[in-house]
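2 protein chains.
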Amino acid sequence: MKEREWLQAIKPKSYRQPSVIKGFGDDGAVIKPPVGHELVIVTDAMVEDVHFSLDYMSLYEVGYRVLAANISDLIAMGSRPLYYLVSLTVPSHYQVQDMTLLYEGMGELAKEAHMDLIGGDTTGGSQLMISITAYGSVLPQYKRLRQHAKPKDIVFTTGYLGEAGYGFDLLQKNPSHSNRFANQHKQPKLRLAFTYVSENLTRLALNDISDGIATELNELAEASQVNITIEADALPIHPDMQHLSKNKQLKYALTAGEDFELVGTCSNEEWNKLEDLCNTYSIPVKRIGTVSSMTSSTPQVFLYQNNQAHLLTSSGYEHQ
Amino acid sequence: MKEREWLQAIKPKSYRQPSVIKGFGDDGAVIKPPVGHELVIVTDAMVEDVHFSLDYMSLYEVGYRVLAANISDLIAMGSRPLYYLVSLTVPSHYQVQDMTLLYEGMGELAKEAHMDLIGGDTTGGSQLMISITAYGSVLPQYKRLRQHAKPKDIVFTTGYLGEAGYGFDLLQKNPSHSNRFANQHKQPKLRLAFTYVSENLTRLALNDISDGIATELNELAEASQVNITIEADALPIHPDMQHLSKNKQLKYALTAGEDFELVGTCSNEEWNKLEDLCNTYSIPVKRIGTVSSMTSSTPQVFLYQNNQAHLLTSSGYEHQ
Numbered sequence: 001m002k003e004r005e006w007l008q009a010i011k012p013k014s015y016r017q018p019s020v021i022k023g024f025g026d027d028g029a030v031i032k033p034p035v036g037h038e039l040v041i042v043t044d045a046m047v048e049d050v051h052f053s054l055d056y057m058s059l060y061e062v063g064y065r066v067l068a069a070n071i072s073d074l075i076a077m078g079s080r081p082l083y084y085l086v087s088l089t090v091p092s093h094y095q096v097q098d099m100t101l102l103y104e105g106m107g108e109l110a111k112e113a114h115m116d117l118i119g120g121d122t123t124g125g126s127q128l129m130i131s132i133t134a135y136g137s138v139l140p141q142y143k144r145l146r147q148h149a150k151p152k153d154i155v156f157t158t159g160y161l162g163e164a165g166y167g168f169d170l171l172q173k174n175p176s177h178s179n180r181f182a183n184q185h186k187q188p189k190l191r192l193a194f195t196y197v198s199e200n201l202t203r204l205a206l207n208d209i210s211d212g213i214a215t216e217l218n219e220l221a222e223a224s225q226v227n228i229t230i231e232a233d234a235l236p237i238h239p240d241m242q243h244l245s246k247n248k249q250l251k252y253a254l255t256a257g258e259d260f261e262l263v264g265t266c267s268n269e270e271w272n273k274l275e276d277l278c279n280t281y282s283i284p285v286k287r288i289g290t291v292s293s294m295t296s297s298t299p300q301v302f303l304y305q306n307n308q309a310h311l312l313t314s315s316g317y318e319h320q
Numbered sequence: 001m002k003e004r005e006w007l008q009a010i011k012p013k014s015y016r017q018p019s020v021i022k023g024f025g026d027d028g029a030v031i032k033p034p035v036g037h038e039l040v041i042v043t044d045a046m047v048e049d050v051h052f053s054l055d056y057m058s059l060y061e062v063g064y065r066v067l068a069a070n071i072s073d074l075i076a077m078g079s080r081p082l083y084y085l086v087s088l089t090v091p092s093h094y095q096v097q098d099m100t101l102l103y104e105g106m107g108e109l110a111k112e113a114h115m116d117l118i119g120g121d122t123t124g125g126s127q128l129m130i131s132i133t134a135y136g137s138v139l140p141q142y143k144r145l146r147q148h149a150k151p152k153d154i155v156f157t158t159g160y161l162g163e164a165g166y167g168f169d170l171l172q173k174n175p176s177h178s179n180r181f182a183n184q185h186k187q188p189k190l191r192l193a194f195t196y197v198s199e200n201l202t203r204l205a206l207n208d209i210s211d212g213i214a215t216e217l218n219e220l221a222e223a224s225q226v227n228i229t230i231e232a233d234a235l236p237i238h239p240d241m242q243h244l245s246k247n248k249q250l251k252y253a254l255t256a257g258e259d260f261e262l263v264g265t266c267s268n269e270e271w272n273k274l275e276d277l278c279n280t281y282s283i284p285v286k287r288i289g290t291v292s293s294m295t296s297s298t299p300q301v302f303l304y305q306n307n308q309a310h311l312l313t314s315s316g317y318e319h320q
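Sequence lines, in order, name chains U and Z.
With full-length UniProt numbering applied, the first sequence covers 1 to 320.
With full-length UniProt numbering applied, the second sequence covers 1 to 320.
Here chain U stands alone, though its shape is the one from the complex (with noise of 0.2 angstroms):
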């Protein structure tokens, strides 16, 4: 594959980012963030056998895959996403056809997010690997950073928890299945519009779910310094996925992610407004719980079920 006219292929013809000052084509680009905002930047790689396989995901899909998994880190950051490098490492075997489709992937994403690719990097290597830096910006006070919950907030979540973890089952057992649960791993949608939300509120502790909502909510406990506790029967599960046994549902609510749906904390004041936002954009939102002071030196995050609160850790829940 020749870097030159692999290049002229993806380069972009226009940039839809005015602040977009250089794209491709010299040492860098160069980019002037508006004045006033905050420029968020985030990293996340996928890389082939380890992240993702060819043997149930088209090159379209996984170039799909990997910008929304950085654009999901811009929203759960507050912020507007605006561009996006691409790096990749790139086997002999594969052609420029090839990286064309996951280039498209990626492209079809950005159209919709309104971001610009802006430079990149390939070289060769012995396993695909695919590794974007994006950006977004943000006003300062609209930053939504793990820190901000406080106690008595509310925990809310978007959407439908455990759907990609369930859906990656099923393409393990069957590689071309093709159901909402299949294809939200495989081209997961995202909370794009909850920007929107996010910037007529006064705070919000803020984490998109992408390894598990246990493990999300326990890094917004432990940088707010609270107690977070759940309630099992107020998990949002699609109706599809309820013939499963409650263990299987409440595993796959509480651990597989990749969702790229969002949990937070909001203030009990706002919890009404946020509602009539979410309902205002079509985002699913829901109560799950609510937030506490520490009871001990260390933050804990409580499932609370049958009566009984269980202490939920990054990997799962105890039963006693």
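Because the hints were derived from the structure by calculation, they are not lab data.
Be aware that one or more of the hints could be misleading.
[Said to hold, decoys possible] The following label-pair restraints were derived from C-beta to C-beta distances:
1) Gln95(U) with Thr202(Z): 41 to 47 angstroms
2) Val35(Z) with Lys286(U): 40 to 46 angstroms
3) Asn247(U) with Ser176(Z): 56 to 62 angstroms
4) Ser92(U) with Ser315(Z): 37 to 43 angstroms
5) Asp98(Z) with Asn174(U): 35 to 41 angstroms
6) Ala193(Z) with Lys286(U): 54 to 60 angstroms
7) Ser92(Z) with Phe24(U): 33 to 39 angstroms
8) Gly124(U) with Ser293(Z): 37 to 43 angstroms
9) Pro284(Z) with Asn183(U): 40 to 46 angstroms
10) Asp211(U) with Leu244(Z): 54 to 60 angstroms
11) Asp240(U) with Pro34(Z): 35 to 41 angstroms
Predicted model, so just to flag it, every value in this text is computed and none were measured.
For each residue, glycine too, the CB sits at the ideal point set by N, CA and C.
Could you slot chain Z onto chain U? The hints should help.
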């Protein structure tokens, strides 16, 4: 290697740059570049057994070198280095202490360049891969693009040419070789102070020498739509390489890359000022040629040798 303990080990305790609003510890980093400045973004990756081998380089040197390649691009854009993110793919046989060495190598250079590590991503994989995205700030008028060359400009280069290429060949013969050439390949000296030179000049076209001066000059000519002529006898070649045949010396100087010296053009009027400024900052600089108008429909680069002009393409020159 557990990502959590690993992150604790490399996470900076403080940040040098006041524009880092949030470094490690959330879904993304947050920065606020100085008002009025533009942000330059560069990316460059190194893959084991493609770009380096641990037979002749330590992980410390690998870390140093991959960050050096990125900083060199920042300098070539006229910008001051600010931050960097690291995306790693790490095979399972590597230990935490191996990766710590890699980060120490980057850290040494980051300290010298006053840069902050603000984030990253680590995944498993079959081959060690280090991809860096680095950032610099520049006032719009000091942005140094390849398209800035004009007819009658002076073409200059810093330092000596071909040192790293020669060093690489020495290391292939004897992995424990240790002289200035081997060291220039493993831990290239950067022209960090050139940014201060650049900020005192009106106009510069600039490239760093990552792929060999033949390629860099063709890029400058192409972007600026000019012809460039350089003189073979003017090329700065280190005295300790002068025992090599003339042809071999020329080959190293023209086509061996990764010296991370700079090549550029400035106006005739500013050449003396550039020389004086380089002198002030202890940067060896040499006039090697001139820019002229195109004589055909495409830009061309010529090497003048023995009273004859040879066409110099990216891959070298053609004897006639």
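Evaluated hints:
no. : hint                                         : result
1   : Gln95(U) with Thr202(Z): 41 to 47 angstroms  : holds, 46 angstroms
2   : Val35(Z) with Lys286(U): 40 to 46 angstroms  : holds, 41 angstroms
3   : Asn247(U) with Ser176(Z): 56 to 62 angstroms : holds, 59 angstroms
4   : Ser92(U) with Ser315(Z): 37 to 43 angstroms  : violated, 20 angstroms
5   : Asp98(Z) with Asn174(U): 35 to 41 angstroms  : holds, 40 angstroms
6   : Ala193(Z) with Lys286(U): 54 to 60 angstroms : holds, 57 angstroms
7   : Ser92(Z) with Phe24(U): 33 to 39 angstroms   : holds, 36 angstroms
8   : Gly124(U) with Ser293(Z): 37 to 43 angstroms : holds, 38 angstroms
9   : Pro284(Z) with Asn183(U): 40 to 46 angstroms : violated, 60 angstroms
10  : Asp211(U) with Leu244(Z): 54 to 60 angstroms : holds, 55 angstroms
11  : Asp240(U) with Pro34(Z): 35 to 41 angstroms  : violated, 52 angstroms
In the structure shown, a violation is registered for the earlier hints numbered 4, 9 and 11, in ascending order.
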